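S.K.: Listed below are the residues making up each chain.
2 protein chains.
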Amino acid sequence: MHKVQVNLRKNSFLLFVSFLLFHSCKAPADKLESPKTEQSVVKTNYLALESWADAPRQRIETWMKEVTDSASPKFIPVNDRIAVFDNDGTLWPEQPVPNQVIFAIDNLKAISSAHPEFQKDQVLKGILNGDIDPMKKEGIKGLTKLVNASHNGQTEEAFNTAVRNWIDTARDQKFNKLYKDIIYLPMIELLNYLRAHDFKTFIVSGGGADFMRVWSDEAYGIPPYQVIGSYGDLKYEVKDGKPVITKMAGQVYVDDKAGKPVAIHRFIGKVPVFCGGNSDGDQAMMQYTHGSKYSSLNLIVHHTDSTREYQYDHKTLSGHLETALVEAREKNWMVVDMAKDWKKVFSFQ
Amino acid sequence: MHKVQVNLRKNSFLLFVSFLLFHSCKAPADKLESPKTEQSVVKTNYLALESWADAPRQRIETWMKEVTDSASPKFIPVNDRIAVFDNDGTLWPEQPVPNQVIFAIDNLKAISSAHPEFQKDQVLKGILNGDIDPMKKEGIKGLTKLVNASHNGQTEEAFNTAVRNWIDTARDQKFNKLYKDIIYLPMIELLNYLRAHDFKTFIVSGGGADFMRVWSDEAYGIPPYQVIGSYGDLKYEVKDGKPVITKMAGQVYVDDKAGKPVAIHRFIGKVPVFCGGNSDGDQAMMQYTHGSKYSSLNLIVHHTDSTREYQYDHKTLSGHLETALVEAREKNWMVVDMAKDWKKVFSFQ
Chain A
13 MHKVQVNLRK
23 NSFLLFVSFL
33 LFHSCKAPAD
43 KLESPKTEQS
53 VVKTNYLALE
63 SWADAPRQRI
73 ETWMKEVTDS
83 ASPKFIPVND
93 RIAVFDNDGT
103 LWPEQPVPNQ
113 VIFAIDNLKA
123 ISSAHPEFQK
133 DQVLKGILNG
143 DIDPMKKEGI
153 KGLTKLVNAS
163 HNGQTEEAFN
173 TAVRNWIDTA
183 RDQKFNKLYK
193 DIIYLPMIEL
203 LNYLRAHDFK
213 TFIVSGGGAD
223 FMRVWSDEAY
233 GIPPYQVIGS
243 YGDLKYEVKD
253 GKPVITKMAG
263 QVYVDDKAGK
273 PVAIHRFIGK
283 VPVFCGGNSD
293 GDQAMMQYTH
303 GSKYSSLNLI
313 VHHTDSTREY
323 QYDHKTLSGH
333 LETALVEARE
343 KNWMVVDMAK
353 DWKKVFSFQ
Chain B
13 MHKVQVNLRK
23 NSFLLFVSFL
33 LFHSCKAPAD
43 KLESPKTEQS
53 VVKTNYLALE
63 SWADAPRQRI
73 ETWMKEVTDS
83 ASPKFIPVND
93 RIAVFDNDGT
103 LWPEQPVPNQ
113 VIFAIDNLKA
123 ISSAHPEFQK
133 DQVLKGILNG
143 DIDPMKKEGI
153 KGLTKLVNAS
163 HNGQTEEAFN
173 TAVRNWIDTA
183 RDQKFNKLYK
193 DIIYLPMIEL
203 LNYLRAHDFK
213 TFIVSGGGAD
223 FMRVWSDEAY
233 GIPPYQVIGS
243 YGDLKYEVKD
253 GKPVITKMAG
263 QVYVDDKAGK
273 PVAIHRFIGK
283 VPVFCGGNSD
293 GDQAMMQYTH
303 GSKYSSLNLI
313 VHHTDSTREY
323 QYDHKTLSGH
333 LETALVEARE
343 KNWMVVDMAK
353 DWKKVFSFQ
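Chains A and B, in that order, give the protein sequences. Going by the numbering used here, the first sequence opens with residue 13, and the numbers climb by one from there. Going by the numbering used here, the second sequence opens with residue 13, and the numbers climb by one from there.
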C-alpha cells in the first residue's frame, strides 16, 4: 500500500519532479484534425487498427466489442466512455530528450533579442551560445532557469504563437522530420478507433498543457479542452483596455504520478475506462482506471525497438518503466512490445 | 485599467471571496441529458428560442447567422465556437441563498451520525440543531467550518453519492420543486441552440466543480469535463488495493472574477466567443470574451422579475450586479431584462 500526498508545495521536490518530467518527454505529429475540420492525414481508413499485429489488435477489439454491446454485462454507457493517454513516449517519442526541452532552448533563442538580461545569466548566456554545460552544472536550478526564461512572462497570445511557429518548423535530428510528423501511427489508429466507438479521448501528460494544446488537435484530433498537462500560475489583467493573460513563474502543478489521477478528477470528473501510457509516471492513473466499476483496459507502450524508434525502459530517467511493468503483469494490463506488436511505428516508415 | 493578481494564497481574502461566492448562488434543473442519453425534457423542440421575446431572440439569431455563415467576414470556425456560462443566477436561481449552502447544511446532517466530533463544535452543533446563529456569529470562519465539515475528508465516490441523493430529493421552498427542476427554460433553449450550431458549452462558475458535475449533464446537457468551478486540494492513495481520491481542506481555487478567465485558459485553452453571466463576478470573463479576435456575444441575465423569480442587482451581496452593467452599456453587451425578455422563466410556470 502506498500513499502519496499530491500537494506539491515544496520547491525542492517540485523541481526534482520537473526535472524528471523534462527527462521524460520527446516529439511529433501527422497532420490530423478533429472531426469537423479538414487537413486530415488520419483519414477514415485509419479507424481500423491496421498497424497492429493480430494478437494485440484482437485483444483491443474483443474488449471493445464487450463494452459497446448493450446486451453485454460489460456494457459501458456512452457518457462513461472516457479514455486517457499520456503523451511523451505514448503518442510521440520522448528520447533522447523531451521535445519540450528542445522547444525551450529554441524559444529562448527566438526571444533573446528582446531580453538582454539573458546575457547576464551564465546559464542562459551559455544556452544562447550553444553551450549547455553551465545549465547542466546547475542541475535542476539550471533547467528551471531555462524553462522560466523561455516559457514565463509571456502572454497567452505570444506563447501560443511561439509554439505554433516552432511546431511548424522544428525538425527532429534522428528522423529529419517535423516533430509533429513523428507520432505513433498505431496510437493514432487507436485514438480514432476509440472515438469511432463514442469514447472521449483526453491527453493526461506531464508536459506543459499550454505547450501541447497548440498542436494537439492537428496532431491527434484532441481539442485543447481535452488536454491536461502540467500548469503554472497565471495573471489576468486589462492592459490599455485589452484583456491579457500572462504565464507566471510560481507554483507549478506537476501532472505526473499521483498528480495524474488527481488531475483527471479535477479536469474530467469521471474515472477513465481506458488508459494508455508508457512509464511509471502513468502507473497511478492506470491503477485509477483499473479501479473503475466498469471493465477497463490499461495499455503500456514498451519501447523495444531500437531500429525504428528507441529501446529503453528501467535504465532511463526519461520514461522510466519498471514498477508499472510489474503491476501490469499482476493485473493483466496490456503491454505492447513495440518491435513485435506494431507493424508500423510511423506513417513515413 | 484594473489589474488583478489571481494567486489567492492569503486566507483572509480567500475566505472573504468564498463567502461572497456562497452568497451568490442558488438552485434547480429540468431533466435533460447530453445528446447520447435518454430522459430528456429539453427535447429537439427546445432548439428554437421560443421562450424569448422577439427583440432579444432576434439579436441572438442575427449574431448566430453571421458567425456561422462561412461566406460572412464574421464566420467563426467550428473549433473556435466556445460558449461559457456562469451557473448561479445564470442557469438556475441564486436567491435567497446559494443552493450549495443548502446542500452543505443538509449533507452535514446526513453524515453527522458518523461524525460525533461535529457535536463538539458550537457552529456545527448549532447547524445540526437547526440554529445557524453560531455560524453567523463566526462569519466567514463559521461558513468555512460548515463547508469543510460537509464537503471535505470525503472520497470522490462518497461525495458524488451524497450530491446525487441530495439533488434527487431536495426541494426549494419558494417553488416547492426539486432544485434540479428549477432551471431557466430560456437558457436551456439557448444552450441547445448553441450546441445545434456546433458550439461547445461550458459552465464557468464560482460554485464547487465537484458539486455541479454530478447533475450538470442531466440538468443542462453539459458533461462533467465541461464544468469548471471552484476546486480544492485532493489526495490520491491506494487503500487496501483500491485507488481512492479524497477531497481535502487546503488551498481553494476560487473560480470567480479574475479567476474565471484564468480558469478558462487553464481548463479550455481557448478564448470564448459567447459568454452568459449575471453578476460582477462574471465581468472579467466577459471582458476576456469581448477581447476575442472574433465577433463575440456577451449576455447578462438581469433579475428584474420579483413575481416569477427574484428582483435584485446592486443591493445584494449574492449575485451583485453593478459594474458589469456599466461596462455592458459601454460595450453593447446584451442585457436580458428577465421580466420583459423571457416569456417563460421555468418550464413549470
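No wet-lab data here; the hints were simulated from the structure. Take these hints with a grain of salt, some might be off.
Claimed, not checked - Label pairs and their computed distance ranges (CB to CB):
1) A/Ser84 with B/Gly262: 55 to 65 Å
2) A/Asp66 with B/Leu59: 43 to 53 Å
3) A/Lys137 with B/Asp81: 31 to 41 Å
4) B/Ala83 with A/Lys148: 33 to 43 Å
5) A/Leu329 with B/Asn177: 29 to 39 Å
6) A/Lys189 with B/Ala67: 28 to 38 Å
Claimed, not checked - Below are the DSS-like pairs computed for lysine-lysine, each with C-alpha atoms no more than 30 Å apart in a straight line:
7) A/Lys282 with A/Lys132
8) B/Lys186 with B/Lys137
9) B/Lys121 with A/Lys343
10) B/Lys189 with A/Lys247
11) B/Lys282 with B/Lys121
12) B/Lys148 with B/Lys189
13) A/Lys247 with B/Lys282
14) A/Lys247 with B/Lys153
For clarity, every value in this text was computed on a predicted model and none was experimentally measured. C-beta: ideal position from N, C-alpha, C; glycine also.
S.K.: Next, verify each hint and record whether it holds.
M.R.: Going through the hints against the structure:
Checked against the given bound of 55 to 65 Å, the beta carbons of A/Ser84 and B/Gly262, roughly 41 Å apart, lie outside it. Roughly 46 Å separates the CB atoms of A/Asp66 and B/Leu59, a value that falls within the hinted 43 to 53 Å. Taken as a hint, the range 31 to 41 Å is violated for the pair A/Lys137 and B/Asp81, whose Cβ atoms sit roughly 53 Å apart. At about 56 Å, the beta-carbon gap between B/Ala83 and A/Lys148 misses the expected band of 33 to 43 Å.
The supplied range of 29 to 39 Å is broken by A/Leu329 and B/Asn177, whose beta-carbon atoms lie about 47 Å from each other. At roughly 56 Å, the beta carbons of A/Lys189 and B/Ala67 sit outside the given window of 28 to 38 Å. In summary, the hint linking A/Lys282 to A/Lys132 is not supported, as the alpha carbons are separated by about 48 Å, beyond the 30 Å threshold. Note on B/Lys186 and B/Lys137: the hinted pairing holds, with a Cα-Cα distance of about 27 Å set against a maximum of 30 Å.
Among the hinted pairs, B/Lys121 with A/Lys343 is inconsistent with the structure: their alpha-carbon atoms are about 40 Å apart, more than 30 Å. Annotation: proposed proximity of B/Lys189 to A/Lys247 is violated, straight-line Cα distance about 41 Å (limit 30 Å). Restraint check: the Cα-Cα separation between B/Lys282 and B/Lys121 comes to about 41 Å, which exceeds 30 Å; the hinted pair is violated. The suggested pairing of B/Lys148 with B/Lys189 holds, with an alpha-carbon distance near 27 Å, which does not exceed 30 Å.
Using a Cα cut-off of 30 Å, the hinted pair A/Lys247 and B/Lys282 holds, with the two alpha carbons roughly 16 Å apart. Distance check on the hinted pair: A/Lys247 and B/Lys153 sit about 28 Å apart at the alpha-carbon level, within 30 Å; holds.
The structure is inconsistent with the numbered hints 1, 3, 4, 5, 6, 7, 9, 10, 11, although it conforms to all the rest.
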